[in-house]
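Chain by chain, the residues run as shown.
There are 2 protein chains.
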Amino acid sequence: MNLVVQKYGGTSLATVKRIINVAERVVKKYNEGNQLIVVASAMGDTTDQLVKKMNMVSDNPTPREADMLLTTGEQISIALLTMAIQNHGCPAISLTGSQARIKTDDKHNRAVIKDIDNKRIKKELKKGKIVVIAGFQGINSKEDFTTLGRGGSDTTTIALMASLKAARCEIYSDVDGIYTTDPKILPEAKKLNFISYDEMLELASLGAEVLHPRAVELAKLYNLKLYIASSFNNNNGTIVRGVEKMEKKRNVTGVACDSDVIKITIKKVPDQPGIAGNIFTGLAEHGINIDMIIQNLQYNNLNDISFTIHNSDLKKVKEIIYEIAENVDSRGVEIDQDVAKVSIVGAGMISTPGIAAEMFKAMGKVDVNIQMITKSEIKISCLIKEDGAQKAVESIHKQFNLGEL
Amino acid sequence: MNLVVQKYGGTSLATVKRIINVAERVVKKYNEGNQLIVVASAMGDTTDQLVKKMNMVSDNPTPREADMLLTTGEQISIALLTMAIQNHGCPAISLTGSQARIKTDDKHNRAVIKDIDNKRIKKELKKGKIVVIAGFQGINSKEDFTTLGRGGSDTTTIALMASLKAARCEIYSDVDGIYTTDPKILPEAKKLNFISYDEMLELASLGAEVLHPRAVELAKLYNLKLYIASSFNNNNGTIVRGVEKMEKKRNVTGVACDSDVIKITIKKVPDQPGIAGNIFTGLAEHGINIDMIIQNLQYNNLNDISFTIHNSDLKKVKEIIYEIAENVDSRGVEIDQDVAKVSIVGAGMISTPGIAAEMFKAMGKVDVNIQMITKSEIKISCLIKEDGAQKAVESIHKQFNLGEL
Numbered sequence: 227m228n229l230v231v232q233k234y235g236g237t238s239l240a241t242v243k244r245i246i247n248v249a250e251r252v253v254k255k256y257n258e259g260n261q262l263i264v265v266a267s268a269m270g271d272t273t274d275q276l277v278k279k280m281n282m283v284s285d286n287p288t289p290r291e292a293d294m295l296l297t298t299g300e301q302i303s304i305a306l307l308t309m310a311i312q313n314h315g316c317p318a319i320s321l322t323g324s325q326a327r328i329k330t331d332d333k334h335n336r337a338v339i340k341d342i343d344n345k346r347i348k349k350e351l352k353k354g355k356i357v358v359i360a361g362f363q364g365i366n367s368k369e370d371f372t373t374l375g376r377g378g379s380d381t382t383t384i385a386l387m388a389s390l391k392a393a394r395c396e397i398y399s400d401v402d403g404i405y406t407t408d409p410k411i412l413p414e415a416k417k418l419n420f421i422s423y424d425e426m427l428e429l430a431s432l433g434a435e436v437l438h439p440r441a442v443e444l445a446k447l448y449n450l451k452l453y454i455a456s457s458f459n460n461n462n463g464t465i466v467r468g469v470e471k472m473e474k475k476r477n478v479t480g481v482a483c484d485s486d487v488i489k490i491t492i493k494k495v496p497d498q499p500g501i502a503g504n505i506f507t508g509l510a511e512h513g514i515n516i517d518m519i520i521q522n523l524q525y526n527n528l529n530d531i532s533f534t535i536h537n538s539d540l541k542k543v544k545e546i547i548y549e550i551a552e553n554v555d556s557r558g559v560e561i562d563q564d565v566a567k568v569s570i571v572g573a574g575m576i577s578t579p580g581i582a583a584e585m586f587k588a589m590g591k592v593d594v595n596i597q598m599i600t601k602s603e604i605k606i607s608c609l610i611k612e613d614g615a616q617k618a619v620e621s622i623h624k625q626f627n628l629g630e631l
Numbered sequence: 227m228n229l230v231v232q233k234y235g236g237t238s239l240a241t242v243k244r245i246i247n248v249a250e251r252v253v254k255k256y257n258e259g260n261q262l263i264v265v266a267s268a269m270g271d272t273t274d275q276l277v278k279k280m281n282m283v284s285d286n287p288t289p290r291e292a293d294m295l296l297t298t299g300e301q302i303s304i305a306l307l308t309m310a311i312q313n314h315g316c317p318a319i320s321l322t323g324s325q326a327r328i329k330t331d332d333k334h335n336r337a338v339i340k341d342i343d344n345k346r347i348k349k350e351l352k353k354g355k356i357v358v359i360a361g362f363q364g365i366n367s368k369e370d371f372t373t374l375g376r377g378g379s380d381t382t383t384i385a386l387m388a389s390l391k392a393a394r395c396e397i398y399s400d401v402d403g404i405y406t407t408d409p410k411i412l413p414e415a416k417k418l419n420f421i422s423y424d425e426m427l428e429l430a431s432l433g434a435e436v437l438h439p440r441a442v443e444l445a446k447l448y449n450l451k452l453y454i455a456s457s458f459n460n461n462n463g464t465i466v467r468g469v470e471k472m473e474k475k476r477n478v479t480g481v482a483c484d485s486d487v488i489k490i491t492i493k494k495v496p497d498q499p500g501i502a503g504n505i506f507t508g509l510a511e512h513g514i515n516i517d518m519i520i521q522n523l524q525y526n527n528l529n530d531i532s533f534t535i536h537n538s539d540l541k542k543v544k545e546i547i548y549e550i551a552e553n554v555d556s557r558g559v560e561i562d563q564d565v566a567k568v569s570i571v572g573a574g575m576i577s578t579p580g581i582a583a584e585m586f587k588a589m590g591k592v593d594v595n596i597q598m599i600t601k602s603e604i605k606i607s608c609l610i611k612e613d614g615a616q617k618a619v620e621s622i623h624k625q626f627n628l629g630e631l
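Residue numbers (our numbering), protein chains in the order written: chain A, 227 to 631; chain B, 227 to 631.
Keep in mind the hints are simulated off the structure, nothing from the lab.
Heads up, some of the hints might be wrong.
Same chains, same label: a pair holds when it works inside one copy or across any pair of copies.
[To be verified] With a Cα cut of at most 27 Å, we get these calculated DSSO-like pairs of lysine-lysine:
| # | residue 1 | residue 2 |
| --- | --- | --- |
| 1 | K601 | K352 |
| 2 | K329 | K353 |
| 3 | K368 | K353 |
| 4 | K624 | K417 |
| 5 | K349 | K329 |
| 6 | K355 | K494 |
| 7 | K391 | K544 |
| 8 | K355 | K333 |
| 9 | K617 | K353 |
| 10 | K542 | K624 |
| 11 | K279 | K243 |
Chain A with its partners taken away, still in its complex shape (with noise of 0.2 Å):
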């Protein structure tokens, strides 16, 4: 008898009426004869509104308190989801992530899971019963509810995965698997059979939503194959797993575009040595994510520095880059909201010389302007002009046949 895990996301568990739909989805998958570990997230919303509920309480919540509040979420979820699964008939059993005991570090809000005793999960499949188990939380040495913060559902799902020795592990959410672009932006877009742990990771924008990279990495890490599904249908998902086992390496695997990137340029720097590391290092110690950076040498020895963030990080850099722009004596900051960054990813790039031109050539032919590149061994990033977005994915994803897959 295989054993099987299977993950649904909070979309897929939003109203109790897909509660029941998942139940069958769950029974379904035990009457064809598998041992099966059901990982829950919380209800669509719930945690949006204990979160709301939280703000209203406290401007500043001790991260324990806000664990206690948020672990509710799930523990809804894996109760309604067994009865649901009981009202079948099939034997069920619900466990939080205490009394599941995967046990985490001492980080509240982002805690790391350090092993779990997987006792009574197995004491629970032994009895033959479906095992339902709350994603997303844990229990620390002192028997402290923890969260492992964002993705931590899939975490859950993965260190279950690899406990257990799962034969196969199924990711369920609202999207169907992963395409070789976001079929929003282009309806011609192709849904991958298989995709590599690494393509998937540096595809965050289009893979992100329906499996943490930092899941992703565990998976690597493991070598654990998955398989990333929708619950709403019956549509055939994409498998995620090691570039050694796949039929044949493609050069670009996908095209993805984020707009929710800012650039910001601190112009006219001296070009003195240490000065881009003063600005990075006042960055960094503010928590502030950078993803491209571009230095351009202007007329005396003047440089343009321009990096970009998150959107979500804009306020934090507003309340600091003008005093770390006045400490490098430069002549100003730009802020740019409207850019976006377009990428190609492929596992097959590095062994393929001209993938970059190839796409810089499908972007002029919709003149596109390209304001920054970045590239790693897989994948290359440019930042251009919002409005260019939709025809620059168009033309990229036309160029490498990615719609003949």
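Place chain B on chain A using the hints.
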């Protein structure tokens, strides 16, 4: 330093604003130099909302999963209340029933507390923290979450007080004490400064909303003094304690009126031994609680057997009573919803003859006919027509000078 246990009911915590208000009261108590344990119920209608979802998922949820679901209610309120307390710069920590090691038996939905392993609670108190504990819930030997059933938070409170030998116990709700009768019926009702356990138990309809009978019994067992007051004002409340400590025995402490009763009459039953036994065994087997019973001999060795039930049992009774009546060869069943039960309670009644006569006289003065009477050592109850209840209560209240306490 005194250890004080405070309990706040669901109405006191119904909204974020009320939680913030309760936090202020808690902090004030703490700043007066007390060690403090706070037991919290679920916020207002949280439990109702969870039950609604549960009923949408399943007609017949398993008790274990129902407890898994319902225990989230108090977990949410302890987290929010603790944050609100911490907002005042006060050290505080929340503990669920499982973390507080409130150990119960295995009876989900109506578990009984067997023991409290209070090490963690003591440790947190020693650190100077206010310990906020989820009422209504515990953990069984399998580490599964249990709930204590109705009045559970009160029971948690008394059990904690006993386990930790607290100096004082304060029960806060939206009612500011026990009155000589319901102030909604009779505005001249007077608040009692003291009431005995037994009087409190017999006055269930006056007191049960404020403090559950199960908790009263537990307090009586350990001889624990309780202070009952409102969280919405600073009025003096009522102290519940043993009768031996009362300044002066009152003949009558209070008048209660219960309209949620229904009178059932099984008509013209043959006067044979064992018939009444058959009827009430049948009802007991279906879990129906009988309150008052009378039997009137009619002509021809035929009896009318009347009894009262609570409104909430009417549906169940209707399903079985006709068959029971037929089995004892009765001539039919009469169901009368137009009745109310008026009771007087007083620990001094035992040693004072003539109290019943006074009560009946008071009712006669206002032309109220008595249909049924029952009497215990400290309580006399009369069943009357519902529209006579108001004037009966008024007249009895006056007869015993309860407005002049």
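Now for the hints, and whether the structure bears them out:
no. : hint           : in the structure
1   : K601 with K352 : neither (50 Å within a copy, 57 Å between copies)
2   : K329 with K353 : both (24 Å within a copy, 25 Å between copies)
3   : K368 with K353 : between (30 Å within a copy, 15 Å between copies)
4   : K624 with K417 : within (15 Å within a copy, 83 Å between copies)
5   : K349 with K329 : both (18 Å within a copy, 22 Å between copies)
6   : K355 with K494 : neither (66 Å within a copy, 55 Å between copies)
7   : K391 with K544 : neither (48 Å within a copy, 55 Å between copies)
8   : K355 with K333 : between (32 Å within a copy, 21 Å between copies)
9   : K617 with K353 : neither (56 Å within a copy, 63 Å between copies)
10  : K542 with K624 : neither (39 Å within a copy, 70 Å between copies)
11  : K279 with K243 : both (25 Å within a copy, 10 Å between copies)
Comparing the model with each earlier hint shows violations of hints 1, 6, 7, 9 and 10; every other hint is respected.
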